Amino acid sequence: NAGVTQTPKFRVLKTGQSMTLLCAQDMNHEYMYWYRQDPGMGLRLIHYSVGEGTTAKGEVPDGYNVSRLKKQNFLLGLESAAPSQTSVYFCASSYLAGTGLGKANSPLHFGNGTRLTVT
Amino acid sequence: GDSVTQMEGPVTLSEEACLTINCTYTATGYPSLFWYVQYPGEGLQLLLKATKADDKGSNKGFEATYRKETTSFHLEKGSVQVSDSAVYFCALSGQGGSEKLVFGKGTKLTVNP
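Read top to bottom, the protein sequences are chains H and W. Taking this note's numbering, I'd label the letters of the first sequence as residues 1 to 119. Taking this note's numbering, I'd label the letters of the second sequence as residues 1 to 113.
Heads up, some of the hints might be wrong.
Pulled from the structure, derived: some chain H residues nowhere near chain W, Cβ distances all over 12 Å [said to hold, decoys possible]:
1) Met19
2) Met41
3) Glu79
4) Gln85
5) Pro107
The calculated lysine-lysine pairs, modelled on DSSO-like cross-linking and capped at a C-alpha distance of 30 Å, are [said to hold, decoys possible]:
6) W/Lys77 / H/Lys57
7) H/Lys9 / W/Lys105
8) W/Lys52 / H/Lys57
9) W/Lys108 / W/Lys60
10) W/Lys105 / W/Lys52
11) W/Lys77 / W/Lys108
12) W/Lys68 / H/Lys71
13) W/Lys108 / H/Lys9
14) W/Lys105 / W/Lys60
15) H/Lys9 / W/Lys60
16) W/Lys100 / H/Lys9
17) W/Lys68 / W/Lys56
18) W/Lys100 / H/Lys70
19) W/Lys56 / W/Lys105
20) W/Lys60 / H/Lys57
21) H/Lys70 / H/Lys57
22) W/Lys100 / W/Lys77
23) W/Lys60 / W/Lys100
24) W/Lys105 / H/Lys57
25) H/Lys14 / W/Lys105
26) W/Lys56 / W/Lys77
27) W/Lys108 / W/Lys68
By construction, these hints were calculated from the structure, which means they are not laboratory data. The structure presented is a predicted model; accordingly, all values stated were derived computationally and were not measured. Every residue gets a Cβ at the ideal spot worked out from N, C-alpha and C, and that includes glycine.
Kindly generate the complete structure, drawing on both the sequences and the hints.
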């Protein structure tokens, strides 16, 4: 039972280079998320998706793009990396359970993170 | 909008000490409340949750009670262990469900033997 898998685990980029972070989940969850974690800042939502083919901006979307072509995959792209994008990136997934006002988010399932350094 | 405020760390305790990490929230209605834990080098994982007022979530000796009157969800443990050293995040999801969780900034706990 893999859960949420992120690749790669570590990456070093030079300013201006591009890369794609991969996230895959095998739990058939509708929702997927990309967060970044920086010291003293907690978790900040970059982009998220509520289903295949749909994406939306989170709190800090600038400099990132995402795609959700398949339900189980959520890709995060950096077109032109900047040192300010040095961070640990986490992917997560969840689903919405219940009906009407009784709906509630399932707990998020997180991957183990990708540590990105931009020099 | 919805928000979560948790006590800033770091918190350093000796083994077997009592732990309380404060968490208060701002949200309309009755959000669901969560505590997540992040061990070194890992992603976050759910520690406990509560989905309605006066619910008590518990797991691994940790407890938190959903207090609507004080809009709080404080995390407590009576006797911490070295293995509890981690970063703890309080989070909420709006009533009726929301595609986005709102996280606190996290509190780093270090337990010394």
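Structure-based check of each hint:
1. With a least CB separation of 20 Å from chain W, H/Met19 remains clear of the 12 Å interface cut-off, as annotated.
2. Annotated as non-interface, H/Met41 brings its C-beta within 12 Å of a C-beta of chain W; the closest such distance is 7 Å.
3. Remark: the non-interface label on H/Glu79 is consistent with the geometry, its nearest Cβ contact in chain W lying 24 Å away (cut-off 12 Å).
4. The claim that H/Gln85 is not at the interface with chain W holds, since no C-beta of that chain comes within 12 Å of its own (minimum 19 Å).
5. Non-interface status of H/Pro107 relative to chain W is broken: a Cβ of that chain comes within 12 Å, the nearest being about 4 Å off.
6. Taking the CA atoms of W/Lys77 and H/Lys57, the gap is near 37 Å; set against the 30 Å cutoff, the hint is violated.
7. A hinted pair counts as satisfied when its Cα atoms are at most 30 Å apart, and H/Lys9 with W/Lys105 qualifies at roughly 23 Å.
8. Simply put, W/Lys52 and H/Lys57 have alpha-carbon atoms about 29 Å apart, close enough for the 30 Å limit, and the pair holds.
9. Taking the CA atoms of W/Lys108 and W/Lys60, the gap is near 18 Å; set against the 30 Å cutoff, the hint holds.
10. Using a Cα cut-off of 30 Å, the hinted pair W/Lys105 and W/Lys52 holds, with the two alpha carbons roughly 23 Å apart.
11. Restraint check for W/Lys77 and W/Lys108: satisfied, since their Cα atoms lie roughly 15 Å apart, inside the 30 Å limit.
12. Pair hint W/Lys68 plus H/Lys71 does not hold up; C-alpha atoms about 36 Å apart against a cutoff of 30 Å.
13. With a CA separation close to 23 Å, the supplied pair W/Lys108 and H/Lys9 stays within the 30 Å bound.
14. Of the pairs offered as hints, the one joining W/Lys105 and W/Lys60 holds, with about 22 Å between alpha carbons and a cut-off of 30 Å not exceeded.
15. For the hint pairing H/Lys9 with W/Lys60, the CA-to-CA distance comes to about 29 Å; that is within 30 Å, so the pair holds.
16. Annotation: proposed proximity of W/Lys100 to H/Lys9 holds, straight-line Cα distance about 25 Å (limit 30 Å).
17. This hinted pair checks out: W/Lys68 and W/Lys56 have alpha carbons roughly 12 Å apart, not beyond 30 Å.
18. Between W/Lys100 and H/Lys70, the direct Cα distance comes to roughly 20 Å. Compliance with the 30 Å bound is thereby established for this hinted pair.
19. Between the alpha carbons of W/Lys56 and W/Lys105 the distance comes to roughly 22 Å, so the proposed pair stays at or under 30 Å and holds.
20. Straight-line distance between C-alpha atoms of W/Lys60 and H/Lys57 comes to about 35 Å, which puts the hinted pair past the 30 Å bound.
21. Distance check on the hinted pair: H/Lys70 and H/Lys57 sit about 18 Å apart at the alpha-carbon level, within 30 Å; holds.
22. A C-alpha spacing of about 28 Å is found between W/Lys100 and W/Lys77, which places the hinted pair at or below 30 Å, so the restraint holds.
23. Under the criterion of a C-alpha separation no larger than 30 Å, the hint pairing W/Lys60 with W/Lys100 is consistent with the structure, at around 26 Å.
24. Proximity of W/Lys105 to H/Lys57 is assessed by CA-CA distance (about 20 Å); at most 30 Å being required, the pair is judged to hold.
25. Restraint check for H/Lys14 and W/Lys105: satisfied, since their Cα atoms lie roughly 29 Å apart, inside the 30 Å limit.
26. Of the supplied pair hints, the one linking W/Lys56 and W/Lys77 holds, its CA atoms being roughly 13 Å apart against a limit of 30 Å.
27. For a cut-off of 30 Å, the pair hint linking W/Lys108 to W/Lys68 stands: about 26 Å separates their Cα positions.
Hint check: violations occur at hints 2, 5, 6, 12 and 20; the rest are consistent with the structure.
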